[in-house]
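Take a look at the letters that make up each chain.
Protein chains: 2
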Amino acid sequence: MTATISPPTTGLTDFRTSPDRYRHWNLSFEGDRARLEMNVDQDGGMKAGYELKLNSYDLGVDIELADAVQRIVFEHPEVRCVVITGSEDRVFCAGANIHMLSSSTHAFKVNFCKYTNETRLYIEDASKHSEKRFLAALNGTASGGGYELALACDRILLVDDRSSAVSFPELPLLGVLPGTGGLTRIADKRKIRRDHNDVFSCVAEGIKGKRAVKWNLVDRIAPLSRWDDAVAEMAGEMAEDVPASSDAGIALAPVEYTLEDDVLAYRHVTVKLDRPARHAAITIELPDVTGPANAAEALAAACDWWILRAFRELDDALLHLRFDLPEIGLVTLRVVGDHAVVRATDELLVKDEHWFVRETRNLVRRVLKRYENSAKSLYAVLDEGTAFSGTFLELALAGDRTYLLNDPDSPVHVGITAANAGVFSMANGLSRLETHFLGTPDSVGTVLAHQDQDLVDAETADELGLATFAPDELDWEDELRLALEERASFSPDALTGMESNLRFAGPETMETKIFGRLSAWQNWIFQRPNAVGPQGALKCYGTPQRPTFDYDRT
Amino acid sequence: MTATISPPTTGLTDFRTSPDRYRHWNLSFEGDRARLEMNVDQDGGMKAGYELKLNSYDLGVDIELADAVQRIVFEHPEVRCVVITGSEDRVFCAGANIHMLSSSTHAFKVNFCKYTNETRLYIEDASKHSEKRFLAALNGTASGGGYELALACDRILLVDDRSSAVSFPELPLLGVLPGTGGLTRIADKRKIRRDHNDVFSCVAEGIKGKRAVKWNLVDRIAPLSRWDDAVAEMAGEMAEDVPASSDAGIALAPVEYTLEDDVLAYRHVTVKLDRPARHAAITIELPDVTGPANAAEALAAACDWWILRAFRELDDALLHLRFDLPEIGLVTLRVVGDHAVVRATDELLVKDEHWFVRETRNLVRRVLKRYENSAKSLYAVLDEGTAFSGTFLELALAGDRTYLLNDPDSPVHVGITAANAGVFSMANGLSRLETHFLGTPDSVGTVLAHQDQDLVDAETADELGLATFAPDELDWEDELRLALEERASFSPDALTGMESNLRFAGPETMETKIFGRLSAWQNWIFQRPNAVGPQGALKCYGTPQRPTFDYDRT
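The listed protein sequences correspond, in order, to chains Y and L. To convert a position in the first sequence, counted from 1, into my numbering, add 28. To convert a position in the second sequence, counted from 1, into my numbering, add 28.
Some clues are possibly wrong.
Repeated chains share a single entry, so a pair holds when one copy, or any two copies, can fit it.
No more than 16 Å apart at the CA atoms, straight line, and that leaves these computed lysine to aspartate or glutamate pairs for EDC-like [said to hold, decoys possible]: (1) K238 / E152; (2) K219 / D182; (3) K242 / E491; (4) K242 / D490; (5) K300 / E265; (6) K219 / D470; (7) K219 / E462.
It should be emphasised that the hints constitute simulated quantities derived from the structure, not laboratory data.
So that you can see chain Y by itself, here it is in the shape it has in the complex (with noise of 0.2 Å):
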């Protein structure tokens, strides 16, 4: 089930795998069980200058996990639970590599952390769209970034052994916080007493044995001598909560790509690079002709699929974008091609309940997150020979602004389907148009009232309320150039913040407070001297040195 991947000459960041390259998980199948296994190379980090001891993880080891819990979506629909547990003796994960955070930038701890979150978020998808359960097997002490991989899962399982614990260790010994969700799950998730929380995310060895069980760090413990069957015991118990299939999965070939002259180019997707702008231009091509029209054909092309394809392509760009692109801070996408292509594809995408269109579905929906999640600037933009309908549309309501233009000699429409509705619910839970019209629910019922009528025009989509700026032919190139010139002359700071904070309107989610609360604060650490100065935790640990705080309260 896996292909060649070319080798990247391109000197970004390889996002893509799969399970005969991984150095660092073993991933195997057995009926309608799947098993994980973490087995870090501790020679095989991503960078030189740390080794992954201890089963602790980088951005390489993360890529691959990333890749297992897709491939086990759409290569193994017959599994029901997914079993993740390590290979090393006491120890499922020691968390995210400290000499490899310490040794990093900002902008990239950020980045690692928002990829991190975004997987943890997946499993979790997976758990709640996809009908696969996960366990977290602990067969040994799950620390830091282990123990959060384990909230992830929907139960867990930790080996009473004397000595196996799960642990936070991240405020004691390093001055941060367990932000790859921690905080968030222990709280939300598996809502743990608010004081027990203080007290675990404080003492460094963790908690163990029938106390875990007692404060629900935990759901379960079972002794070294019947591990396995209790592992075994409760993958079947969990996996009786989801219908068996006894469907065959279609294989993921890798995503392929160019960069040349600072054009990024897949099949569907192009990102056109400005760098002294600090502009990507990113440009979704339709395919010329309808189809596939059915659940069946759409498995014949399995992922060549072109709505598939073309996700699973943007998505490779937007992390190209964040990791090896900081550069940039603006991105406008225009989507051309045949609306009607667009439509007939929605038909099947977000109504049939074939387990292959729901996972095509389901990874629209993560892209789309993706999309939104991204510190740049996204503007979308309609002009002369674009298709924003239904699925696409959605990626224009992700965006910050929207520019249509309203011009007779150049029309330009709009179309609305039941992709609009509510089926990519974005991380508030509220659909793209609930969240663009909080303020006048009754809008969203006037745009909807569309989906089964004609294409929009741009003064009806104007009037409608979808764009943020629709002006004519004699002032769009001016328009556009100067809204251009001005986003990108701001403080990306700034702007980052000011659109973590408007992009998601409404209520919160688990995941809007990840993203927004427990992220936002671990970024203000990572900037401050107290953890990453020259004397600070993270900098000292692991060292002789013990690290010298100013302690005054902020």
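Place chain L on chain Y using the hints.
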């Protein structure tokens, strides 16, 4: 209605003022209207080095505003509508003074923002709980914090004179956020369209006239020619929303204290500082006798009603801890006296609908929130002689941990009253018991079942889940000492981040978003060189130098 305030000989910031001492506001009353006119004395800054031009504000200005809001609810029950307006021509308020901000330490900036956010939330609190309505009558441009103040009001009227606008110039001009609730309130209170929010937050000159109404940035506009009539008309409409009252208010005498030998002493509240240990021990002493027995007696006691006095003192002490005692990282709290005194007061405080009882209850709720929103670790200590009952048990639940002496030879009791049943809701909208027991909601009822019963002994309190640790006499001293030493040794930044994440589990509200999300991002930006570095936007503002940004997105 004012009294002499003893001169501040303590070296502490003085948070006490009264209308006859205001330098920056004119407060007047006519019938059921109050008029609060911003009239900042540009030479009246709290510190040297900046001029408060264009009705810009510093902490001193906001202390007066907070005092005015407090006095309106306690001293003027007859007021139904408060008109907040300005005395300058063409300018309502230019927001926080930039030169003050750029010359302040990071810690001061953070605490200043927290205080101003609390003041604005107190306006909303008075609207929700005190039967007052607030009209922002913007007689000129309201920018930045000036518009944020308007957003805290129930309604906004803007003069339509071709030049006056509402604006958020922070991002384009200063490279920081409109962080005094601004971004949260445009998104979640006024529910403005998210792309409009994006545009508005990037246009330094702001938006005026009909477009401001259309985007819901203001509720109404009125020309200068009929400004006074329009203000009176709107205030009149708003006053009709709440019942009339002919009750007379009580006078709020200044809170008196002394600071000698590191003991900050009020009548009921004592704060003993152990600066080398970074520890402050707060003791709240209950009065010897029960009473008042009813609202009339409480009203006769006026601001000497002990519970009002005790919480005003605690409030003042908390502000000193935040602004004047940054080296204190850990606060322990004891309440000593007779449970019966609290029980009798809670009977009146929680249930009576007399306006003065209601306002005292509102103040207690606000102080409890200020307590748990302080960047200090908070431990309640329940040993012999303590009386954590009802309203004071809320203080234990507001903290991070509770240490309870469980020893038959030194009996400690805890008392449950109606005060624990939700009247003192937290920022997240839940009661403290509901937040404490988020994962085991039945425990709330089990605890509350004791509210009309006898006091709960230590053993039972521990079984009920009210104690984090409950050692006996043998272990007590060592365990507490080690706990304090350990806490005081941790990174203060990591503690602040952790506490901000753990204290407010469960639902999010505008208030938790302001303190958890918006403030965390602002604090991050306030650490970034793009804002505060030698060439950062905040440093360059008002100088001929243009800021130089590192444009990499993080």
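Against the structure, the hints come out as follows:
| no. | hint | in the structure |
| --- | --- | --- |
| 1 | K238 / E152 | neither (26 Å within a copy, 46 Å between copies) |
| 2 | K219 / D182 | within (14 Å within a copy, 35 Å between copies) |
| 3 | K242 / E491 | between (57 Å within a copy, 13 Å between copies) |
| 4 | K242 / D490 | between (57 Å within a copy, 14 Å between copies) |
| 5 | K300 / E265 | neither (50 Å within a copy, 56 Å between copies) |
| 6 | K219 / D470 | between (35 Å within a copy, 13 Å between copies) |
| 7 | K219 / E462 | between (28 Å within a copy, 11 Å between copies) |
In the structure shown, a violation is registered for the earlier hints numbered 1 and 5, in ascending order.
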